[in-house]
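Use these hints to put chain G onto chain P, whose structure you have.
Number of protein chains: 2
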Amino acid sequence: MDNKQIKNDAITRRSEDFAQWYTDICKKAELMDYSSVKGFIIYRPYGYAIWEEIQNYLNKRFKESGHQNVYMPTVIPESLFNKEKEHVSGFAPETLICTIGGQSELDDRLIVRPTSEVLFCEHYAKVISSYRDLPKLYNQWCSVVRWEKTTRPFLRGAEFLWQEGHTMHETEEEARTETLKMLEVYDDLGRDLLAVPFIKGRKTEKEKFAGAVETYTIEALMPDGKALQSGTTHYFGDGFAKAFGVQFQGRDGKLTSPHQTSWGVSTRLLGAIIMVHGDDNGLVLPPRVAPIQAVVIPVAANRPGVIPAARELYDELNKTGLRVKIDESDRSPGWKFSEYEMKGVPVRIEIGPRDIENGVVTIAKRNDSTKIQVKREELAKTVVELMETIHQEMYEKAYRYLLDHVTEVHTLEELDAALEKGGYAKMMWCEDEACEDFIKKTRAATARCMPFNQTKFDEVYPVCGKKATKVVLFAKAY
Amino acid sequence: MDNKQIKNDAITRRSEDFAQWYTDICKKAELMDYSSVKGFIIYRPYGYAIWEEIQNYLNKRFKESGHQNVYMPTVIPESLFNKEKEHVSGFAPETLICTIGGQSELDDRLIVRPTSEVLFCEHYAKVISSYRDLPKLYNQWCSVVRWEKTTRPFLRGAEFLWQEGHTMHETEEEARTETLKMLEVYDDLGRDLLAVPFIKGRKTEKEKFAGAVETYTIEALMPDGKALQSGTTHYFGDGFAKAFGVQFQGRDGKLTSPHQTSWGVSTRLLGAIIMVHGDDNGLVLPPRVAPIQAVVIPVAANRPGVIPAARELYDELNKTGLRVKIDESDRSPGWKFSEYEMKGVPVRIEIGPRDIENGVVTIAKRNDSTKIQVKREELAKTVVELMETIHQEMYEKAYRYLLDHVTEVHTLEELDAALEKGGYAKMMWCEDEACEDFIKKTRAATARCMPFNQTKFDEVYPVCGKKATKVVLFAKAY
Numbered sequence: 093m094d095n096k097q098i099k100n101d102a103i104t105r106r107s108e109d110f111a112q113w114y115t116d117i118c119k120k121a122e123l124m125d126y127s128s129v130k131g132f133i134i135y136r137p138y139g140y141a142i143w144e145e146i147q148n149y150l151n152k153r154f155k156e157s158g159h160q161n162v163y164m165p166t167v168i169p170e171s172l173f174n175k176e177k178e179h180v181s182g183f184a185p186e187t188l189i190c191t192i193g194g195q196s197e198l199d200d201r202l203i204v205r206p207t208s209e210v211l212f213c214e215h216y217a218k219v220i221s222s223y224r225d226l227p228k229l230y231n232q233w234c235s236v237v238r239w240e241k242t243t244r245p246f247l248r249g250a251e252f253l254w255q256e257g258h259t260m261h262e263t264e265e266e267a268r269t270e271t272l273k274m275l276e277v278y279d280d281l282g283r284d285l286l287a288v289p290f291i292k293g294r295k296t297e298k299e300k301f302a303g304a305v306e307t308y309t310i311e312a313l314m315p316d317g318k319a320l321q322s323g324t325t326h327y328f329g330d331g332f333a334k335a336f337g338v339q340f341q342g343r344d345g346k347l348t349s350p351h352q353t354s355w356g357v358s359t360r361l362l363g364a365i366i367m368v369h370g371d372d373n374g375l376v377l378p379p380r381v382a383p384i385q386a387v388v389i390p391v392a393a394n395r396p397g398v399i400p401a402a403r404e405l406y407d408e409l410n411k412t413g414l415r416v417k418i419d420e421s422d423r424s425p426g427w428k429f430s431e432y433e434m435k436g437v438p439v440r441i442e443i444g445p446r447d448i449e450n451g452v453v454t455i456a457k458r459n460d461s462t463k464i465q466v467k468r469e470e471l472a473k474t475v476v477e478l479m480e481t482i483h484q485e486m487y488e489k490a491y492r493y494l495l496d497h498v499t500e501v502h503t504l505e506e507l508d509a510a511l512e513k514g515g516y517a518k519m520m521w522c523e524d525e526a527c528e529d530f531i532k533k534t535r536a537a538t539a540r541c542m543p544f545n546q547t548k549f550d551e552v553y554p555v556c557g558k559k560a561t562k563v564v565l566f567a568k569a570y
Numbered sequence: 093m094d095n096k097q098i099k100n101d102a103i104t105r106r107s108e109d110f111a112q113w114y115t116d117i118c119k120k121a122e123l124m125d126y127s128s129v130k131g132f133i134i135y136r137p138y139g140y141a142i143w144e145e146i147q148n149y150l151n152k153r154f155k156e157s158g159h160q161n162v163y164m165p166t167v168i169p170e171s172l173f174n175k176e177k178e179h180v181s182g183f184a185p186e187t188l189i190c191t192i193g194g195q196s197e198l199d200d201r202l203i204v205r206p207t208s209e210v211l212f213c214e215h216y217a218k219v220i221s222s223y224r225d226l227p228k229l230y231n232q233w234c235s236v237v238r239w240e241k242t243t244r245p246f247l248r249g250a251e252f253l254w255q256e257g258h259t260m261h262e263t264e265e266e267a268r269t270e271t272l273k274m275l276e277v278y279d280d281l282g283r284d285l286l287a288v289p290f291i292k293g294r295k296t297e298k299e300k301f302a303g304a305v306e307t308y309t310i311e312a313l314m315p316d317g318k319a320l321q322s323g324t325t326h327y328f329g330d331g332f333a334k335a336f337g338v339q340f341q342g343r344d345g346k347l348t349s350p351h352q353t354s355w356g357v358s359t360r361l362l363g364a365i366i367m368v369h370g371d372d373n374g375l376v377l378p379p380r381v382a383p384i385q386a387v388v389i390p391v392a393a394n395r396p397g398v399i400p401a402a403r404e405l406y407d408e409l410n411k412t413g414l415r416v417k418i419d420e421s422d423r424s425p426g427w428k429f430s431e432y433e434m435k436g437v438p439v440r441i442e443i444g445p446r447d448i449e450n451g452v453v454t455i456a457k458r459n460d461s462t463k464i465q466v467k468r469e470e471l472a473k474t475v476v477e478l479m480e481t482i483h484q485e486m487y488e489k490a491y492r493y494l495l496d497h498v499t500e501v502h503t504l505e506e507l508d509a510a511l512e513k514g515g516y517a518k519m520m521w522c523e524d525e526a527c528e529d530f531i532k533k534t535r536a537a538t539a540r541c542m543p544f545n546q547t548k549f550d551e552v553y554p555v556c557g558k559k560a561t562k563v564v565l566f567a568k569a570y
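Chains as they are written, first to last, in the working numbering: chain P, 93 to 570; chain G, 93 to 570.
Isolated chain P, as found in the complex:
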């Protein structure tokens, strides 16, 4: 009988080669696979199921706040795409273009959607005519294509899955409120579902979305010290609306343009989960997003009574509403332990002849590798409680790491030290783009955001000596 734990030497150690460790988990935990289409990945059942949990959470939140799902065409005529100049120039270099349909050359070439602002605007122009038609709060779940040269699973791909919200409002104030409200929803998603803490803030002019007036962001911190932009919300003003002729009759009877927002998160969030929580044994999933929350593994399964006892545990856990699996396959317990560790299942339940004899069950927690033994009759209650405990433990660990990696800096030397340590360098900035560029060029670090907390701590910007007006977080980033 082999029930000793086998170390997962199947993957590279995180400390040895962070990038390879990450890719190993993506593959070995069966989250994704490569396809024969360069840069396009296959979202395998286990990876897709995590995305479905994210979808469920967000769909509920979106619908509670009055948003409705729609579906727009997967391709955009080039002529339509070219209507908003700033937007076009941001996306044109990475478009995938269809030129042949039904065996004939197309007059107006079709771009596989990289984002759908223009389609939403075109539609809104048709369905909005009065203040009574506002707000329009639409969202779309789909995939988008961006022809990226270098790709990494979930983090940067030629195709990724996302949701894109596009809303139209009567007033600027309403639209601005929406932009910030959806950022809060994303922040909640991180805290409540993914156990990933975010820093919220506004993007600088240089870093904002092509065509937006203002862009807000949630930034996560990876254990290699790099920031990961995890979601953005944009306030557009009425620029797109004017370019696409969206107008409505206001309460005063006058024709005017509505104010617009868009916002999105993508399967990039899977990358955040993998990196923030994973370890040398593979994936570590926060319970609320885990496709399998608990796995029951019979030990010495051929001994009489073991399989029936394991099935009883499974049934009992299943009834609580937990997502449970039982593995009755003829693999060794050691193999199974490794397998579900690799897959990051939050809780493993072991039951063997001795446990049955003693009326106990062994529970192994994936997040901190601790084991506890509980009385048979306390299992269900314990596991349900553990889901909460583990979530909190994982969130707090990530949050402590984040707090520990925001360093206030006053000089360029301190900036270098902070970037060397990893994480965010919090610095006062003069709002001059040239000074932002200087950091990017000399340190390969970008302005991640101007955080909501703008308590000033310096009078001048360390780079140029000019008056410092904004608190900015600089970091290396994905």
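In case anyone wonders, no lab produced these hints; they're calculated from the structure. Possibly wrong hints are sitting among the right ones.
Copies of the same chain are indistinguishable here, so a pair counts whether it falls within one copy or spans any two.
Straight-line alpha carbon distances no greater than 27 angstroms define the calculated BS3-like cross-link-like pairs of lysine-lysine that follow [to be verified]:
#1 Lys457 x Lys533
#2 Lys298 x Lys558
#3 Lys568 x Lys532
#4 Lys273 x Lys548
#5 Lys152 x Lys463
#6 Lys218 x Lys130
#7 Lys318 x Lys120
#8 Lys273 x Lys417
#9 Lys417 x Lys334
#10 Lys177 x Lys130
#11 Lys152 x Lys411
#12 Lys152 x Lys513
#13 Lys120 x Lys489
#14 Lys152 x Lys417
#15 Lys558 x Lys467
#16 Lys120 x Lys155
This is chain G only, laid out in the frame that chain P set:
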């Protein structure tokens, strides 16, 4: 006060111009809109919400039977697509092809997926190696593109939403069982959710899917007498598996090819719902699939107490779990009555000063235009029960129509009479494709299926006088 019902003269009468009536409902009930991409439609919130109810039902059924969702690339390399000859020739004429990516010409052109058999096969070849890896029961929710010349909303479009199941099995028997099991799931969907009865059967060789060994179908009947193929399941044998090198080591240690199925339903089902149940006042939705199941309309809303009373009803209904809406807008009750009739909301609840005085509420049923008055305190219970009653009434009405339009025919004259009446002509057939072609060419009717009930009623095929071996249903079809 205007609470008289206004007739929806906004749409063409069904008896006048069936096709125009259908398109009018699609637009006026706000199910879809046209986009600037020819043949591609916009699935508007109300239409998309119906699709989401279908997704919820099927996802539950799929997962209960062990299926897992995945996501495959949205484009397929032409070289990969060309691997299975029969399949290619079926789809090549209507493909949309990308030739430019990231501003450079592509070496291997990319086809926007018309269906994903080849991608699934390529992936299966990588992840299947032992009988232990079987069965693989994958499903994908996505859109597919087929460059159709003439399009109609939901029925035939350049892009539609669907699910495509692709499974691999150890044995032929298992795969054949899966093919029939999923057909049953589709049949249940029609009966239990859409209130649309289907005829189940096998497609003839001529009508089966490109590359399949056998195709099964669910066929619905529209009120213009035409059949609508509403979903299909395919048994592939091991043809694709061999073409793509999918192999596994069997229990006997030998390498062998797995047996494959695929199956799908699409947003075409929305077309079936519209046509089967709709009337001259617009859409009529079966309650279980209706995005709004009941709407509360205050009558004489400016009178004291009306709005609070209406809100009370709304809250009460909401608590039962029904999908309820209250319309407090400043439109007239007559306008609102028309609006929610057009949108096919199963139940309308009217409450005005007199109702409040008398402690009653008026309920109007959309499906048969009857009104009932109930005591205030019986409202919630009544509406919940009505959901079941209405579903049954709608299903039975459609079922009676279907039964009434299956005509057993023994001669070509009877065939003509049956097609003239509309619906299915049930005929004995010799299984000669030439004889099937003859009906298609001379009557523009196709063999819809060989129904599961094969009780023979004739010895010879009326067309050629040869021995008749199969019962076939011929009909004109969408």
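A quick look at each hint next to the structure:
For a Cα distance limit of 27 angstroms, the shortest separation of Lys457 from Lys533 qualifies neither inside one copy, at 44 angstroms, nor across copies, at 69 angstroms. In this assembly of identical chains, the alpha carbons of Lys298 and Lys558 lie at most 27 angstroms apart only when taken from the same copy (19 angstroms versus 79 angstroms across copies). When the C-alpha separation of Lys568 and Lys532 is checked against a cutoff of 27 angstroms, the pair qualifies only within one copy, where the shortest distance is 9 angstroms, while the shortest distance between copies is 67 angstroms. In this homomeric assembly, Lys273 and Lys548 come within 27 angstroms of each other (Cα to Cα) only inside a single copy, at 25 angstroms, whereas the closest approach across copies is 66 angstroms.
In this assembly of identical chains, the alpha carbons of Lys152 and Lys463 never lie at most 27 angstroms apart, being 35 angstroms within a copy and 34 angstroms across copies at closest. Taking CA atoms no more than 27 angstroms apart as the test, Lys218 paired with Lys130 passes between copies only; the shortest distance there is 16 angstroms, against 38 angstroms inside one copy. With identical chains, the CA atoms of Lys318 and Lys120 are at most 27 angstroms apart within one copy only, with a shortest distance of 23 angstroms there and 51 angstroms across copies. When the C-alpha separation of Lys273 and Lys417 is checked against a cutoff of 27 angstroms, the pair qualifies only between copies, where the shortest distance is 24 angstroms, while the shortest distance within a copy is 37 angstroms.
Taking identical chains as interchangeable, the C-alpha atoms of Lys417 and Lys334 are never at most 27 angstroms apart, the minima being 54 angstroms within one chain and 33 angstroms between chains. In this assembly of identical chains, the alpha carbons of Lys177 and Lys130 lie at most 27 angstroms apart only when taken from different copies (24 angstroms versus 29 angstroms within one copy). Proximity of Lys152 to Lys411 under the C-alpha cut-off of 27 angstroms is found in both arrangements, the shortest distances being 23 angstroms within a copy and 17 angstroms between copies. In this assembly of identical chains, Lys152 and Lys513 lie within 27 angstroms of each other by CA distance neither inside one copy nor across copies; the values are 39 angstroms within and 48 angstroms between.
For a Cα distance limit of 27 angstroms, the shortest separation of Lys120 from Lys489 inside one copy, 25 angstroms, qualifies, whereas the shortest one across copies, 54 angstroms, does not. In this assembly of identical chains, the alpha carbons of Lys152 and Lys417 lie at most 27 angstroms apart whether taken from the same copy (26 angstroms) or from different copies (17 angstroms). In this assembly of identical chains, Lys558 and Lys467 lie within 27 angstroms of each other by CA distance neither inside one copy nor across copies; the values are 67 angstroms within and 75 angstroms between. Taking identical chains as interchangeable, the C-alpha atoms of Lys120 and Lys155 lie at most 27 angstroms apart only when they sit on different chains, with a minimum of 23 angstroms there against 35 angstroms within one chain.
Hint violations for this structure: numbers 1, 5, 9, 12, 15, all remaining hints satisfied.
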